[in-house]
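Enquirer: Keeping the supplied structure of chain A fixed, place chain B upon it in accordance with the hints.
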Amino acid sequence: MAAKSNLTNMAVVLAATCLICAAILGCVYAVTAAPIAETNANIQKAAIAAVLPEGVEVSEAVPVKVGGEDSEYYIGTKDGAPVAYAVKSTTSGFGGALTLMVGVTADGKVYNTSVLSHTETPGLGAKCTSDPAFTAQWKGFDTGTKILSVKKDGGDVDAITASTITSRAYTLAVKNAYEAVKGLAK
Amino acid sequence: MSKMQLITKGLVKDNPTFVLILGMCPTLATTTSAINGLSMGLATLFVLVLSNMAISLVAKVTPDKVHIPVYIVVIATFVTVLQLLMQAYTPGIYSALGVFIPLIVVNCIILGRAEAFACKHNVIDSALDGIGVGLGFVASLTVIGIVREILGSGSVFGWKFITGDGILAFIMAPGAFLVLGYLMVLFNKYLVKK
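If you read the protein sequences in the order shown, they are chains A and B. Residues 33 to 218 (the working numbering) are what the first sequence spells out, left to right. Residues 159 to 352 (the working numbering) are what the second sequence spells out, left to right.
The shape of chain B in the complex, shown without the other chains:
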C-alpha cells in the first residue's frame, strides 16, 4: 500500500465512524456542536498518531501475554499528557469536552489501530495510518456536529442564523442517534464503493 493510500483509506474506505463503526460513545456524546465535534476529533487524532508511533516501536520487544497492558499504559500516558496540555492552554475546550478527554483511553479506535496496524508496521507507516484514521474521525465528528448544531441550535460554529431555539431533540441523545444513522446510510450509499 502506498503512503498516500495509508492516509486516504481512513477518510472513506476505513472511515472509523461510518464504516468501521468504532468509537461510538464520544461520537454520540460530544457532537452537540460543530466546534465540540472538531475538538474531540483533533484530541483523538493527537493521541492516535502518538500512540501508533510508540506502539510500533515497542511492539517487537513486548511479550505476547502483556501486550494489552503495555498498550493501555502507553495510550493512557498520551491521553494524560493531552489532558494536562489542554487544561493549561485551552481551558475553554477542556471544560466543554469534560469527561470525554480522559475517556479517549478506552476509545476502541485507538486500541484497534494499535492491534490491527501499529504492532505490525514501522513507525512512519503507523504514523501515517494514525493521521489517516484520525482525520477520518475528525471529519465524521465535525460533519455530525455541524448537522446537529444547524438543526438543534440554528447555528454553524457558533454563528447563529435563526433567532430563538432550534429543534432541541437534536442536541440531546435521540438526535445524535438519528443524525448518525442517516449520515451512515448516505455515506455508505454514495461514497463507499462496494
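Excised from the complex, chain A in its bound form:
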C-alpha cells in the first residue's frame, strides 16, 4: 500500500499536500468572505436596531472605553438630537466572552439589551438570549430606582435559574455600558 519513505518523497508529498490544501482554503475563503461579513454586519445591525427606540437614525461607530476595555458605541438621533446610545460591552461569562449591545437612553435609562455573541452553557446560561423572564426585565430598566446587580448580591436583577455567573456577567456588561454612557454625558 503506502510508498516507502525517503527524504525526497516525504518532503515532496508534504509540500504538495499543504499547497493543495492552502489553495482549496484560499478559494473557499474568497467565496465565503463576503457572506460572512454580511451576516456579521446584519447581526450587529439587528442588535443595534433592537436596543434603540424606533425611528432613530443610527450613526457610524464611535470608539469608547467600556469597563476599561476598548469598545464602540452608536448614537441614535431623532430630529438632530441624540436620544439614545447603543454600546457594545464585553464581559467574561461562564464559558468565555459575553458580548452585548446595550441601549441607553439620553435620560439614563436602559432601553433594551441584545446578545451579540456568547459561549454560555446551552440550556442554562445560554437562556440569557431567550428566557423572557430574564430578557424582559432589561426593557426600560430604570437605573434611578433599581440597583444594577443580581438579587443574590443585593440588587434588583432577577438571575436565570442555576446560572448566576452568566447573570452576573450580563448585569456587569449592562452596568459597564451604562457607566460609559454616563461618562459621555459629562
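Misleading hints may appear alongside valid ones.
To be verified - With the C-beta cut set under 7 Å, the calculated list includes, among others, these residues of chain B facing chain A: (1) V239; (2) Q241; (3) G256; (4) L293.
Derived by calculation from the structure, the hints in this document are not laboratory data. A virtual CB, placed ideally from N, CA and C, is assigned to each residue, including glycine.
Expert: Quick look at chain B alone, frame taken from chain A:
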C-alpha cells in the same frame, strides 16, 4: 463486503458511539438538545465522507512516515472549509456548536476511519464507509440529544411540552454521562448481535 453492508455496518455493528466508543468529547458536549446533536452529527458526516475519499486517493503516494501529518492536514482543510461555509450560510447553528466545529479535526472517528479503512480501499468504498459511520454518528447523537432535551428541558426539537424547567442535571455534564451510559447498555443488549 457488499456496498450495502458498508453503509449499514456503521449504524449498528460498528456504531461509532455505542460500540466503538469513539468521539466521546463532541458526543458528551454537544448533545444538550436534539437539534445540536443532529447538527454536530451532520457536520462530522460531511468531513468524514470527504476526508475518507481524499485519503483513499492519496494513500498510495503517501510515504509511510508522514502519513499522519498528511491525513491531519487533509482533515483540517475540510473542517476549515465546513467552518467557513457554516459561518457564512448557517450562522445560528455555527454559534450554537461553537468550539466543537474546529475540534472535529481531532475527532478520533475521522482519523480512525482514515487509518483503518480509507487508506486500504478505493474511493467509492471509502465514501460509502464514511456515509455509514457518519450516519451512525448522526443517529447516536440525535438520540442522545432527544433524550437529554426531553428530560432536561421538557421539549423535543425545541417544541416544548411542559411549562417551566426540566431536570437541569440532564442538560449539564453529569446528565450527558448518565444518558450515554444507559443508551449504551440498551443498545448493546438489544441491537448488537454477539
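Enquirer: Mind listing which of the numbered hints don't hold for this structure, in increasing order?
Expert: Going through the list in order, the structure violates hints 2 and 4 and respects the others.
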